[in-house]
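*Asks:* Residue numbers (UniProt numbering), protein chains in the order written: chain A, 1 to 319; chain B, 1 to 726.
Some hints could be false.
Quick list of simulated restraints, FRET-style, between CB atoms [to be verified]:
hint: 1; chain 1: B; residue 1: S51; chain 2: A; residue 2: D58; range: 54 to 64 Å
hint: 2; chain 1: A; residue 1: T132; chain 2: B; residue 2: E371; range: 40 to 50 Å
hint: 3; chain 1: B; residue 1: L725; chain 2: A; residue 2: D195; range: 30 to 40 Å
hint: 4; chain 1: A; residue 1: G26; chain 2: B; residue 2: D418; range: 36 to 46 Å
From chain B, some residues computed to sit far from chain A (all C-beta separations above 10 Å) [unchecked claim]:
hint: 5; residue: H139
hint: 6; residue: A161
hint: 7; residue: G686
Please keep in mind that the hints were generated in silico from the structure rather than gathered at the bench.
Model, not experiment: these values are computed from the prediction.
Beta carbons: idealized from backbone N, C-alpha and C, even for Gly.
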Amino acid sequence: MRPFELAAPATVGEATGSTGTFLAGGTTLVDLMKLNVVTPHRVLDINGLPLHGIDTGDGLRIGALERMADIAAHPGVYPVISRALLLSASQQLRNMASIGGNLMQRTRCTYFRDVSMPCNRREPGSGCPATTGTNRMHAVFGTSGSCVATHASDVAVALAALDAEVRLAGPDGERTVRLTDFYRTPAGSPEIEHDLRQGELITEIVVPRLDWAGRSTYVKVRDRQSYEFALCSAAVAMDVRDGIVADVRVAAGGVATVPWRLPSVEAALRGRPATEESFAVAAALATDGAKPLADNAFKLSLLPRTIVRALLEVTERSR
Amino acid sequence: MPARLDAPMKVTGDAKYAMDHNFPGMAYGYVVVSTIAHGEIESMDVTATKSAPGVLEVYSPFDPLALGPVSTPMFGETWVPLRDKEVTYAGQPIGFVVAETFEQARDAAMLVGVSYRELPALTSLVDGLDTAVAMAPGHVDEPPELTVLEEGVSSIEEAFAASAVVVDATYRTAAQNHVPMEPHSAVAVWEAGELTVYSGNQGAHLPALELSMALGLEPSAVRVVNPFVGGAFGGKGQTSAPAFLAAAASRRLGRPVKASLTREQVFTATAGRAATVQQITLGADRDGTLIALRHDSWCSTDIAGSFIEPTSHGTSRKWYATRNLAISQKIVPLHLPPTTYMRAPGEAPGSFALESAMDELAEALGMDPIELRRRNNSLAPPGRDLPWSSKHLDECFRIGADRFGWAGRTPGGRADGDWLVGMGVAVAMFPAQRFPASVGITLNADGTVDVQTGGADPGTGLLTVLSLVGAESLDIAADRIRPRIGDSALPPGGMSAGSTATASAGTAIMAGAAQVIGELLTLAASPGAPFAGEEVTYADGRVHGQGHTMTFGEVLRATGRPGLTAVGSSAPGEEMTKRSFSSFGAQFVEVRVHRLTREARVSRMLGVFDGGRIINHQTARNQLMGGMIWGVSAALHEGFEIGVGEVRGRVANADLAGYLIPVNADIPDIDVHFVEYPDTLHNDLGARGLGEIGTVGVAAAVANAIHNATGIRVRHIPIRIEDLLA
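Based on the sequences and whatever the hints tell you, model everything.
*Replies:* Okay, structure coming up:
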């Protein structure tokens, strides 16, 4: 860690008008500062800003500083969101980490986190050892020759499935961006991870009302029962009527450089029977276009299974 | 008295570990590590580091500390940092920054610039198999290749040819690190030409000796203190880099110096467990009788070849009554962090291979896996006329099968909703050994007793054992014993290593107690003493004469003595020429595998152990549970990831986010059961070791249970989801 200056802006305007790196729960930023991966000269502690509140009146509105644990425990939050949160990190981390910070968390790629190694995301142009190195945890979708790092957030996958938007405040005013448009796949510039302009801050997460989103779940497959990132995950909401899938949302985590919505799988499910057989047929489409690496080809087998399991869980719960 | 004497202090934070020691004027050291696996350091730019706030000194191979080589009979050479410019693995200590605060030292260390002349690094065990070198494990008194053939058989191949059923398979196990909760660390205080080092270790005398060698001091000028140790598991036997560096820097600076590895550095700047490849061939009659057993082992080691993981010698050499046996051990030196003893070195990875192979043989024979093991129960290691002193393995299996519901196991496993459920078993064995140990026993005039030894209690329960055995030997209540450990100023108490501490220190206490009682009786009956000229005996903490008795405290007070001290010693002796000694166990595991997403989770575990006499049931149970959890970890989670495509040969998962160990949710209730047959042929106390056997066999039992549940045989650990997606 390098010495840095700490400031605590009192208003959103003051925060977005200042230069510095935003600090909320600190569970990513402080970690990366200790590793020397991020070396801000100035840190802006935004915990005093009025970005709180969980409103379930019409859809869902969540202040960016709400903690993961509080959102997960809120009774009005759609199951897919609360489950994604509860399967993330540990209780201690969920007590600290904000939802805005969760969406802004950096990849867990071990090359990104090791300053002795090249990394295009950390040092543009230095190279990507993950393409030929240890890449079991890495992405198979949305990758490029310059970066194959997986997006680590669980709740972002759930939010992507529900067409969530982020409200942003910046020096030039406020705007709203769909979460799936907010994140950038690396292409040739992996250092640009999202559509956030200089000084902009996430102030709120907005989930449009979806009356059948109560029938939703998040399945996370990982190497141990808790406190580990996903190998594959599936966020699913499904409206089953008379045994037929009337509507459905499917997104995947652990497999892509951004939260990965699966419209082709959704299309293949709509109007089909809510059975394991038809789920399997649709889920098989999830891997179209996947680019496996040396250690992670198994994700092409695991992802459809994960989606089927999530769809079955929702079907079971709908009965 | 609590079941673990040190528990109240540990849970309330009163226990003072090495790093909890602070002294006026103390400086802080931060270790700099290499970022390449092989090469030579050409230069180190420390200009920015030296001018950073608070920095006192920067040591490196270009500005070294006065540290000499270290070598001891038991451990051979111990690596001492900054003595040359050669880098032989990524994460090797190459510098030491000392500053006024920890943060200043850390921040300044980030500014060190290192130029290397990089050389090709060997990091793949598999690539090195063809050029592996035969080498006998250092602590095993047998050649690297060993064959035992029955009369009339000319080769092991001939024995396989004569076998009705043969199974042959190759198994692999991952490299690991102990990752003790307390990182390797030290606080060094240099005063008037004498050095005191506070540092967690497995016995204070070895690091004291090693530090004196490195610093060129008389052994008497170095004292090492470690009353509490936050886990060791074999990784804190030899002196760690921070201890050498803090000690030398303290001498140079004339100030106390504190240094600790970071969590990440622990994975590389210490030594861990080797990766292994093992090929096993088993030949048997149709009735399951083993005709031939061949076990060829390869292990990784550091480039100096300093430690050999004895997987064949540690298991197949002794475990079964095979009529023919061939074992071998080869090493593959690599540019990876050093290897050393780690809980059940040899037995843990070796048992994964052997006990998986036995399961494969049982399947090939269509025989119950427990029955196969029963039929090949050994009475002595093959070819040795030294029968096991006390072996009740069959009883362990009998009790275990009953408690675990083994009769309910079916060959294809069973389904419970979306989960496939299977059961597996394995044998556990670990040699019963002792180290030479001395324990001081002092009867005090106030009626208390000091029991003191330089040995360590890294969570094993030794401190409590000193009280319990001391109380029994002196026939008094345990709360009158004041045990003390972890100080090289105390009598050399062996090490907490090799599962030896209870048997070693315990028998030394018995010897010391007999001596001190003898001296007490002599004193009591001496002229002018209360029992002058009488026939005296000792019982119940009292001296008994003709018609009157006194407590030992009263005798001491009456004779004007503050205390009476004897040092009892014990060491392995003649018994080793008469018998073979081992602890035994039967491991039972139930595993559930999701039918779709294939996570394997352990749902039930039972270990039934024959460890001789159990001195403290709660700490013994705790040791075995911990060992069994290690086994689950090895089976499903744990292992270094070393990128084969990487020139830098770094450990890719060197932190506790990437190096997985089980969390609480991965571990079910664990049932531990003992059969208790005191082994007084091994030592007078009748206790054998329990510290390591708990982990032996578990990984195989998990793999065998997974096979039972899914039909998939995985021959490497850790077993992960991708292995079960078929």
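*Asks:* Look at each hint and say if it fits the structure.
*Replies:* Okay, the hints, checked on the actual structure:
1. S51/B - D58/A: 54 to 64 Å: holds (60 Å)
2. T132/A - E371/B: 40 to 50 Å: holds (49 Å)
3. L725/B - D195/A: 30 to 40 Å: holds (36 Å)
4. G26/A - D418/B: 36 to 46 Å: holds (39 Å)
5. H139: Answer for H139/B: holds, closest chain A Cβ roughly 33 Å.
6. A161: For A161/B, whose nearest Cβ neighbour in chain A is about 40 Å away, the distance exceeds 10 Å, so it holds.
7. G686: holds (40 Å)
Violation of the numbered hints given earlier is absent; every hint is satisfied by the structure.
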